[in-house]
Amino acid sequence: MEAINKQTAGDKLHALQKHPGSLILFLLVVLAACVTFAVLIFLIAYILIRGVPYLTPELFSLHYTSDNVSLMPALFNTIEMIFLALILAVPVGIFSAIYLVEYAKKGNKFVGIVRVTAETLSGIPSIVYGLFGMLFFVTKLKWGYSMLAGAFTLAIMILPLIMRTTEEALIAVPDSYREGSFGLGAGKLRTVFQVVLPSAIPGILAGVILGIGRIVGETAALMYTSGTVAKYAGAMESGRTLALHMYVLTSEALHVDQASATAVVLLVIVIGINAFSGFIAKKLAKKTGE
Amino acid sequence: MKQAAWKARIKEVFMQAVFFIAACTSILAVILICVFLFANGLPAIGKIGPMEFLLGTRWKPGNNIFGILPFILGSIYVTAGAILIGVPIGILTSIFMAYYCPKKIYRPLKAATELLAGIPSVVYGFFGMMVLVPLLRQIPHCKGNVMLTACILLGIMILPTIIGTTETALRSVPAMYHEGALALGATKERSVFTVIVPAAKSGVLTGIVLGIGRAIGETMAVIMVAGNQTKMPESLFKGVRTMTANIVIEMGYATDLHREALIATAVVLFVFILIINVSVSLLRRGGNGSN
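If you read the protein sequences in the order shown, they are chains B and Z. Numbered according to the working numbering, the first sequence spans residues 412 to 701. Numbered according to the working numbering, the second sequence spans residues 367 to 657.
Don't read these hints as lab results, they were simulated from the structure. Take every hint as true, because none was put in to throw you off.
Here are some chain B residues pointing at chain Z (derived, C-beta under 8 angstroms):
hint, residue
1, Leu439
2, Phe448
3, Ile509
4, Gly534
5, Ser537
Each computed DMTMM-like pair below joins lysine to aspartate or glutamate, with the alpha-carbon atoms no more than 20 angstroms apart:
hint, chain 1, residue 1, chain 2, residue 2
6, Z, Lys377, B, Glu513
7, Z, Lys554, B, Asp422
8, Z, Lys469, Z, Glu480
9, B, Lys517, B, Glu590
10, B, Lys516, Z, Glu378
11, B, Lys599, B, Asp586
12, B, Lys423, Z, Glu545
Computed from a predicted model, the values in this text were never measured in an experiment. For glycine and all other residues, C-beta sits at the position ideal for the given N, C-alpha and C.
Chain B with its partners taken away, still in its complex shape (with noise of 0.2 angstroms):
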């Protein structure tokens, strides 16, 4: 059956024609979101196009020349980056999430204060955390430019990503399970763990997914942190990352040929984070459905 407000695009054409004003909004609406996404496809397509040809095994060898400009030595410390700065970071984020929806009581000005400085926080730009850290971890600690030192400045940058999401999470637990835990005689800590914590791990992985994309991403807050130097670094030596290694081979314009398929191993990636943050997101969607 149709509905009875039914409205054909004869009807809407008809409309339009009567609105001149009407008319230009609309072709502008629809030109603005043209716009946008004909953008994204084509800086999908040239980096793609522009990239894919220069994907040679040499790329991809195991040791780093300046000839073959290898990014394994880069991806390895990306992997490695992530590791350091999530183990770092999830934690603390999740915890500190913890103690404002399960512990703080409600309305209380420490946790307002909290609040405050995670948006301030998600606010500061990259290269600002990036000074920071080198002038905190790196030249303060004395740890020199290290994976370490960058991974604490990406530490604290995902932070108020990884305490929101788990915050939304959190709250997003109905109460009747902590009141059905509780009435069973489980204490405080073992109802979050055992039964509050299990049931926001989709919303929670999906901030640390965030997080991911977020470090592979990252280059002003790395550039004085982690340094530039381009082998397999340990966690108290200087290595570059992915989108560093990118971001020096374009700027030094001898391997820009090399740089445009580092981007498309970036773009991958970033793509890949993105397909499976919506894929779980969509498995949530689905939970709370039912």
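Model the placement of chain Z on the given structure of chain B, informed by the hints.
Relative to the frame of chain B, chain Z by itself:
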């Protein structure tokens, strides 16, 4: 039995303390960042002289002349340009997403805007360098690495921020506003633009301010396309250097007062960001109050 209860109690208190300490981390981080930036940057401003530093038009580290007005203006101009380009397109796109998008293509388009937010800034910079710069070189007397290029690139980069926030704001306007306007005989466009958008004003503004924050803080992409000359920005078709670019370009080899002056540049940038943050939270609060 009693001992077990005690153990459990201690564990509870201990973990609560751990959670509390974790919650303090972000406060500690903000304090540390402020202390270290200001402690390392403010003395330089004192030595150079606040007026000479903030309003000086020449930056010649070799001659101990440190005026960052060109970079402050550079950041402001580039951000303003990005807003002029990004905001109309972003808001119109979010209107499309909220009111016009056919259901079937909504999911892929939404994923596309999220992808736009996830693309690393080096990749944007690379795209700008390889596509936008040669494109703008077609204009006579334009070298390609100019302010306009940076504006366009940043305009693209802030789109996801603006689209995301604005769409959420538009969707939170009660449907009856829209229906009411339609029932009074307004066309769909008239209803959206004169009823919905004004009702979502605070959300839309928040999106714009967040976009300003993203644009003013962007570093790598700007360096790769903006030319980075240290002189005063002259026109859209001349090179420009932003505060962020100044820090990254010279930090690698700067020493002594030069290094401190760069940190002081970051302090100025940080103050800009704090102002932006405060206005975002004020806008958010205003939005909650009126709803």
